[in-house]
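This is what each chain is made of:
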Amino acid sequence: DAGVTQSPTHLIKTRGQQVTLRCSPKSGHDTVSWYQQALGQGPQFIFQYYEEEERQRGNFPDRFSGHQFPNYSSELNVNALLLGDSALYLCASSSQGPGELFFGEGSRLTVL
Amino acid sequence: AQSVTQLDSQVPVFEEAPVELRCNYSSSVSVYLFWYVQYPNQGLQLLLKYLSGSTLVKGINGFEAEFNKSQTSFHLRKPSVHISDTAEYFCAVSDRIGGGADGLTFGKGTHLIIQP
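As given, the protein sequences belong to chains A and B, one line each in that order. No gaps in the numbering here: position 41 of the first sequence is 269 in the numbering used here, and each next residue is one more. No gaps in the numbering here: position 105 of the second sequence is 87 in the numbering used here, and each next residue is one more.
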């Protein structure tokens, strides 16, 4: 049983560009959350998707947007990239309720 | 709003010695509490969680944590550490009002360094 898979694992972009990151949840999970982890910091919640809708959002600007597909996979889009967007982006999947979040290994984004 | 404070950014411990990683939280509502571990170049893995019931929670790899409501703490302990426990440890909370389905608030992490 595959866990949470993310792609790409690494990517380099320049300021002002746009990026799309992808996530496939663990089998049986219907909820996908995205987190940003800057170097030396804990993960920060970006948003959560359930039933193809954004259910909750953290303190991130509108440049960060997402989508969930009918098969529960998800994308994170970041527009107008800034140097400060350089981070490890983690996807986590879960079922509803206070259960365990299963994390992928992340996509490391470097903005030059 | 919630916040999590991990009091130590780095904890060096000798192999087979006990360890305690400290976590304090602040919240205006009741919370669920979690500890996650992150090995180098990997995602996070759940060690243990407190949802309700007994305040002493046992997790994987011999770790345990105790929820102390009066001190708003959720310290992580292990009686005897191994080299393989070297990793970054994160404490996290989510509020109960959303049924625990809300996003987690993480601390900044504690780097556990095991010395031979």
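Errors might be hidden in some of the hints.
Stated by the list, open to error - Okay, derived cross-link-like pairs now, SDA-like style, lysine to any residue, Cα gap no bigger than 20 Å in a straight line:
(1) Lys40(B) x Arg336(A)
(2) Lys40(B) x Asn23(B)
(3) Lys241(A) x Tyr278(A)
(4) Lys241(A) x Pro289(A)
(5) Lys51(B) x Leu267(A)
(6) Lys51(B) x Tyr21(B)
(7) Lys40(B) x Ser10(B)
(8) Lys90(B) x Glu333(A)
(9) Lys90(B) x Gly286(A)
(10) Lys40(B) x Leu267(A)
(11) Lys51(B) x Ile96(B)
(12) Lys90(B) x Lys241(A)
(13) Lys90(B) x Ser34(B)
(14) Lys90(B) x Asp313(A)
(15) Lys90(B) x Arg291(A)
(16) Lys90(B) x Tyr21(B)
(17) Lys90(B) x Ala315(A)
(18) Lys90(B) x Gly268(A)
(19) Lys51(B) x Ser34(B)
(20) Lys241(A) x Glu328(A)
(21) Lys90(B) x Leu340(A)
(22) Lys90(B) x His295(A)
(23) Lys40(B) x Glu328(A)
(24) Lys40(B) x Gly286(A)
(25) Lys51(B) x Val(-5)(B)
(26) Lys51(B) x Phe(-4)(B)
(27) Lys40(B) x Gly312(A)
(28) Lys90(B) x Tyr7(B)
(29) Lys90(B) x Gly312(A)
(30) Lys51(B) x Asp77(B)
(31) Lys40(B) x Ser62(B)
(32) Lys90(B) x Ser314(A)
(33) Lys40(B) x Gly268(A)
(34) Lys241(A) x Leu310(A)
(35) Lys51(B) x Leu30(B)
If you are wondering where the hints come from, they were derived from the structure by calculation, not from laboratory data. As the structure is a prediction and not an experimental result, all values here were calculated from the model.
Exercise. Go through the numbered hints given earlier and state which of them the structure violates, listing their numbers in rising order.
Key: Hints 1, 2, 3, 5, 6, 7, 10, 11, 12, 13, 15, 20, 21, 22, 24, 25, 26, 27 and 33 contradicted; others consistent.
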